[in-house]
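Letter by letter, the chains look like this.
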Amino acid sequence: MLLDARSYPMQRVLEQYLEPKNLAYALRLWSTHYITQPNISLQRFVDDFYSRQAMTISSYGLYSDLLPAMMSALQARNQFTGELIDGYEFPDYDLGNASTVAISPAPAPVADVPPMLEPQQKTEPAAIPEKSEEEEPAPPPRNEKFIIFSSFIRQLLNGIHPDRREKMLYRNRLEIKGTCKTEAAEPLYAWLQSDSDYFQHSEIGIEEMTSITHVIYMGLCEYQGPVEADRILMKVAGNINDTYPFASLDINQLL
Amino acid sequence: MKYLTLGVFLLLLPGISSAAIDPETNEMLSIMWLTLCAMIVFFMQSAFALIESGMSRAKNAVNVMMKNYFDVCIAILMFGVTGYAVMYGDSIQGWVGTDKFFLDGVENGKEFAFILFNSMFAATAATISSGAMAERTKFHAYAISAVFVSGLIYPLFAHWAWNPNGWLQKLEFVDFAGSTVVHSVGAWVALAGIIVVGPRLGRFDPDTSEPREIRGHNLMLVTLGGFILWFGFFAFNAGSTNSMTDQVGKIALNTAYAGASGAIGVILIGYIRRIPLLLTSTVNGSLAGLVSVAAGCATMEPMFAALTGLISGTVFSYGRDLILKMRLDDVVDAVAVHGISGMWGTVAAGMFFTDDMFNPQRIMIQVFGLVVALLWTLAASFTVFSIINIIFGLRSTGMHEQRGLDYSEHNEIGYPEFQKSTFRAN
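In order, the protein sequences belong to chains E and G. Position 42, counted from 1, in the first sequence is what this note's numbering calls 58; the numbers after and before it change by one each time, with no gaps. Position 3, counted from 1, in the second sequence is what this note's numbering calls -4; the numbers after and before it change by one each time, with no gaps.
It is worth saying that the hints were derived from the structure and are not from the lab. Treat the hints with care, since some could be wrong.
[What the hints assert, rightly or not] Selected chain G positions facing chain E (Cβ under 7 Å, derived; list incomplete):
#1 Leu194
#2 Gly195
#3 Pro199
#4 Arg205
#5 Gly391
#6 Met392
#7 Gln395
[To be verified] Just the calculated beta-carbon pair ranges, DEER-fashion:
#8 Asn268/E - Arg267/G: 45 to 55 Å
#9 Glu191/E - Asp92/G: 51 to 61 Å
#10 Gly191/G - Thr48/E: 52 to 62 Å
#11 Arg28/E - Glu405/G: 51 to 61 Å
#12 Val243/E - Gly242/G: 28 to 38 Å
#13 Gln209/E - Met319/G: 32 to 42 Å
#14 Ser379/G - Ala206/E: 31 to 41 Å
#15 Ser218/E - Asp200/G: 46 to 56 Å
Where a beta carbon is used, it is the ideal one built from N, C-alpha and C, also for glycine.
Chain E with its partners taken away, still in its complex shape (with noise of 0.2 Å):
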């Protein structure tokens, strides 16, 4: 079951995409070549299916698809492995390096999960729901940047310990809801002390961007020390380079 769970999240994905020969090669090549391995490169993966197939996705949208897939992959691979995951980790990209240490993911919150009904309640004939688009429109689509701004930024998060992650948020809350306008200031704030993946924001653009990584920074430094924190910056920022080379955002223009 749980091997099945290894590859059943990107056949999902990539069934969708692919012709049924060239699926069978891609599921064949994930199985065999990329979720047993200790480092993942996804990007790598979606390119072996462009010099297979013509394409009539971006290889950007198929890679955005594919990365909670991929996710899931490896949480099933863990499980299956019974590795003990502690320390930090770079999620996506570099999951088993030795000189990697790694966090488990905190549970995700439960707060959408609907109360349990009480058994005479579910014998009530349930009144059949609106149509769900029109209560809650579709988030907008995921944005390079901001995909690799955020695992950036998660990244960095993740190289201090969660204990000490939350003082130094608290410490440097002012600078942080400094760096952008009030509208994105407290989502952003949210979303680092969270454990999600992906944030996103109209109101952030580069420059914000930036300020915001340098607040991170400066927090890395002060409490990891300056030189381990450069250790970490030079990992994070290879990973990111490394995973996205062709991407529109240059990592360095976060530096």
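Since chain E is already given, all that's left is putting chain G on it; use the hints.
Same frame as chain E, but now just chain G:
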């Protein structure tokens, strides 16, 4: 040529008394001696640059070198503009010199050599703070501070202690080559500087206040710097005779003994305290010995010079810990080497004064003198740094500090082939 030959001969045989030579020749020899010593003391600046750069991270190597190079330029000129006048001009009640600004009225050949020699002392006092404040201080802010140190702060105290009419001089305060006048003054400037500028980012853990090790990038530079400084100290101390006398041999010997025993003192105390025997500490220990013997190198016997150096190694070891406990970030331990060891050396000069050893009155005068130096220098330099901080900002931004001041201040790096950085160069 005649004078040159004679001079070289006398340099090789310093025991020969200058009294046997006619006054004109003696004058020429003195000029030669002072000029030569000034050149050697100038060479000490390269050693400061090597030590400070080696003890800093590679990303700040150029900045440290630049500060050392530039503060010499400032100090030499400022000493001519105001420093010499304040130090050796006609004294008002022993407090401050009032003439010879811009070297006005200086015509004597020996006086020019004397000014050159003392310019190098001013440069030494000014450069000590650069190492302590390294890796986070703005270049131009530091350069402005060097103007005040070499043009006012150092010369004024030197006037009190070394001008024949200085009020401390009249109390018979003994500081032959500047344990307090040069080294402690420089160290207290550094102390004020590191208080105002604050520690390097991440030097102390924000939760536990424990210091974090930030290692220097090249200990070979540090060692070479230590050797060159030691070499320079021979001229620093022996040149303070201002002329060729029969004291020169003993002064040079005392200098050598104190440097050697200072390093041994650090090693011994390291064994006793069970702390690592670091190369940087050993070099600093010998420098502490050299600093401490400067005050009494002409007035104590060689074995006491060795004892002074030995104790200074211990004083340095505990002094460095004291500075760290105060959460002060001194990159090169300049305050412990030049300040605290300089204090000990000044007291030792009173304690081990030949034919008047352990005279309480003399010791009290020594203590009084070093306290005056501490109060004046700390107050004056704290004011200067605070004003600079308010007007220009003394400290680089956090990002500049982490990028390295080589990038942010100079757009040059010391090791372009080897330095890895994710940062943009500008």
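Cross-check of the supplied hints:
no.	hint	in the structure
1	Leu194	5 Å, holds
2	Gly195	4 Å, holds
3	Pro199	6 Å, holds
4	Arg205	4 Å, holds
5	Gly391	4 Å, holds
6	Met392	5 Å, holds
7	Gln395	6 Å, holds
8	Asn268/E - Arg267/G: 45 to 55 Å	46 Å, holds
9	Glu191/E - Asp92/G: 51 to 61 Å	54 Å, holds
10	Gly191/G - Thr48/E: 52 to 62 Å	55 Å, holds
11	Arg28/E - Glu405/G: 51 to 61 Å	54 Å, holds
12	Val243/E - Gly242/G: 28 to 38 Å	47 Å, violated
13	Gln209/E - Met319/G: 32 to 42 Å	35 Å, holds
14	Ser379/G - Ala206/E: 31 to 41 Å	40 Å, holds
15	Ser218/E - Asp200/G: 46 to 56 Å	37 Å, violated
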